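One line per chain: the protein sequences are A and B, in this order.
When you read off a place in the first sequence, starting at 1, and then add 159, the result is the number in the working numbering.
When you read off a place in the second sequence, starting at 1, and then add 8, the result is the number in the working numbering.
Hints listed in this document are in silico derivations from the structure and should not be mistaken for laboratory results.
As the structure is a computational prediction, the values presented were derived from the model and not from experiment.
Virtual Cβ for every residue (Gly too), placed ideally from N, Cα, C.
Just so you know, not all the hints are guaranteed correct.
[Claimed, not checked] One-sided excerpt, in silico: chain A residues whose CB lies under 8 Å from chain B:
id, residue
1, Ile-396
2, Arg-411
3, Thr-503
4, Pro-692
5, Ala-695
6, Asn-696
7, Phe-697
8, Gly-698
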Amino acid sequence: MTDTAGTQRVAAGPAQRRGPAATAALLVVPVLFLGLFFVYPVATIVLTGLRPEGVLDLGAVWQVLSDPVVRRVAWFTVWQATVSTALTLALGLPGAYVLSRMRFRGRNVLRAAVTVPFVLPTVVVASAFLALLGPQSPVNSLLEGVFGAAAPTLDLRRTVTAILIAHAFFNYAVVVRTVGGLWALLDPRLEDAARVLGASRWQAFREVSLPLLRPAIASATAIVFLFTFTSFGVVLILGGPARATIEVEIHRATTQLLDLPLASVLALLQLIAVVTSLVVYGRLQRRTTQQPLVASERASRPARTRGERRFLRANLALMAGLLAAPLLVLAERSLSTAQGYGLTHYRALFSATADTILTVPPWLAIRNSITFAVAATVIALIVGGLAATAAVTGHGRVARFVDGALMVPLGTSAVTVGFGFLIALNRPPVDLRGSPLLIPLAQALIATPFVVRTLLPVLRSIDHRLREAAATLGATPRRIWREVDLPIVGRALLVAAGFSFAIAVGEFGATVFVARAQFPTMPVAIFRMLGRPGAANFGQAMAMSTILMVVTATALLLIDRLRVGQVGRF
Amino acid sequence: MDTTFLSRALDEELFQAYRSPRLDVVPERYQLDPEHRVTPVDVGDVCLNYDVAWFDEHDVAVPDDLAELTGEDYEGRLAVMNPATSSPGLAFLLATIERFGVDDYLDFWADLRDNDVVVTDGWSQAYYDEFSGAGAGDRPLVVSYASSPPAEVYFADEELEEAPTGVIGASCFRQIEFVGILATTEHPDEAQQLVDFMLSPTFQEDIPLRMFVFPVVEDAELPEVFVEHAQLPDDPFELDPFVIGENRETWIDEWTRTVLR
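Make the full structure from the sequences, and use the hints.
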C-alpha cells in the first residue's frame, strides 16, 4: 500500500474503508501464519487418519457418528460448555465492572491477580479443587462447627458442579479482561445522562452500557465457550472418568487406542461444531456500535453509595472464594514440609542440578517459559494486530472470515494441533523438526485470537471521523495510525500483550507434544514432577506452580504499568 | 515401547532384528521376542501400594490376594486408575484378568465397584489426591509401582529409616520396556551401538534412580535405596503381549461398561 493511495482513499470515502489491495497486504502475515501453522498441520493429521489405506474412507465417519456413545459425549460437551459459559459470564461481568469502573486501593494488583488462575496447569488446580470440594474442605469444617456432628458433609468431587465451578475459575479472567478492557474506556457521562433523565441504575446499564459492550461480551462468550468446549483436564479429573468430552475422546483415541481414524473423525466433528458456533457468533458481532472512548482514569470512580460498597464487597468476596482459595491451597502445599513450613522445596528447585527427573536444572524451566512466552507474545501481537486492523478497515466479508478463522485454533483439540505439528512440520516445505521455535508458534496460535478479540471492539469504536479529519489535514495513513489509533488502542494493546503472555506461559496441551526434554516449560516441568512418587517431587511441583503464579502476576502488573505513546492522556 | 503395546509394533513390522551380545546377561524371561526385533531395557512392576501407618493404626490386615479387596475391611479403601487413560491402570486391569480369568474378572470389578473403589484418570490424581500414604487423600490402598516405596525414601523431605508405603506382592503385573531399531533407519550401525550401550552397566545402573524401574542385566548393581526398600516380586502376573494386543480394546470397553457406566 502506498501512502498516497491510502490517503486518497481515506480522504475520499465516506467510511474508513481501505482498498482491497491494502487489506490483502495487511492479511498476508495472518493468512500465512494460520495456513502454515494451523491449517497445514491439522489437515495433514486429519487426512492421515481418514486415509488409513491411502484412500479416503468415509464409512468410518458414519460409523463413528452413529455410535450412541459418541453422540452422548457430543451432547455432554455442548451442554457443559454452554452452562459453564453462562456461569462464567454471570460471575465475571460484575467482576469486570468492579475492576474497570470502580476505584479502590489495590485494584491494579487485583486485576493482575485474577488472571493467574487462567495460566495454571489443570492438573495442579484440579488437585487444589479436590481438596476444597472434598469432605475435608474448610466449608465442611465450618458446617460442622455450626451444626455439630449432625452437619451434612458436602462432597462435590467427581460431579458436574465441580466441572462448572472450575471452568468459572479458569475463565473468569477472560470476561474481566475482554469486557473490562472496553468498559474501562466507556464515557461514564453516558450513563450519568440516563440517570439524570430518571433511569434506574439497572435501566441505565441495560439500555446504555450493555448495547455498547455487546461486541466485547460476544467476544468473551465465544472465547469461554470454545475453551470449555475443548476442556480436557478439568473434565477428567474433577468430573471423574465416567464423564467425557469430545476432547477427552480424541486424546484417548490418539494416545491410548492409537486409533487415528477415530481421532480424525472426532477432530472433524469438533471442528464442525466450533465453526458453527463461530458463524452464529459472527452474526451477533455484525451489529457494531461506535462511541466516544475516554481514558480509563476518567471512567472509574470510587464506590460512593452504600449499595455500591456492598456490590464491591460482594465481588471481592467472590474473587476470594472462587479464585484465591484454590491458589492459597497450592501456595500452602508448596511451603509444607515434613519439618513444618519452610522453603525447602523452593531451595531444591534452584540448587538441584541436572541430576533430576527433568534432566535439566528445574530453574531452567522458568527461563524457558519466559523466553518462549515473550516470543509467542510478539508473534501474536504482530499477527493479531494486522488481522484486527484488516478486519476493521477492510471489506466486511473478507475481514469477518479472517476474524473467525483465527478463532478456530481456540476450539481445536490441543492433541490434534500438537500431533499435527509433529508429523507435518518435520519435513520440507516446513522443516522445524526438534526446533524450539515450535513451542512459541504453538502458543501464539492460541494467543492470537485473544489479541484480535481484545483489539477489535476498541478499534471498531474509534470514531472514523477522527481518522478522516487527520487525513484531510494531510496525515499519511501511518501517521494516522500513530497519532489517532495508537493512543486509543495502546491500552487495549497492552491488555492483549499481557493476556498473550499469560496464555503462552500456561499453555500445556500442545507444548507438551512439541517441547523436547531439554526445553521444558514450567507447566511441562510441573507435569513431570507430579508423575513421580515422593514428597519432594510433589512439593517441588507445588513450588513451581506458585512461581508460575508469581511470574504471571508480575508480568501482568508490569505490562499494566507500561505507557504506550500518549495512552492515558487521551 | 512397553509390554502392552509390543504386539502392535511387531505386527506392523516397525523394527529390524538385532541381537545384542549383552543379551547373554539378560534373563530369558525378559526376552519376549525370539527374533530380537526388540531388546528389553528395563523392568518395572505395577503393584498395589499400601499406607503402612494406616494399617498399623487401624489394625487391619494388609490384603495378600486380590480377591480380598471386595471384602468389608477394604470398603472405600482403594484408588485405581482408568485403564483407558492410564498405563498403570491398564496394567492393574491385566493383573485382575490374569488372577480371575477372562470369564470372571468382570464379576470381581462389579464387586469392587460396589465396594466403593474410586477411579481416577491418571496416576498422580490417585497417588497424590486419593492415597493416604503419600498425599492428601484418605484411601490406604492405591495402584502404583513396585519402585514407589524407594522413591518415597529417595525423594523424602527428611531422611527416612523405613518407607512410609509398602508393596503388595500378590498384586503385581510385570511391565517390561523395550527398545527397537526402526526397520527404515539409515544408521543401523549407530543404532546397534546405542542398543549395546543401553544394556551396558553404566546405563543400566543409572536407570533405577532416573526412571524408577529396575535394570534387566544381571551384572548391574542396584543403588542402596533400592536394595533396602524395593522388592521386585519373583512371581508377578504376566500376560503374553500378543494376547494383550488382541484383546486390549475389548477388555477396556467391557471394563468401562462394568465400572463406569
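Which hint numbers doesn't this structure obey? Hints that this structure does not satisfy do not exist here, as all of them hold.
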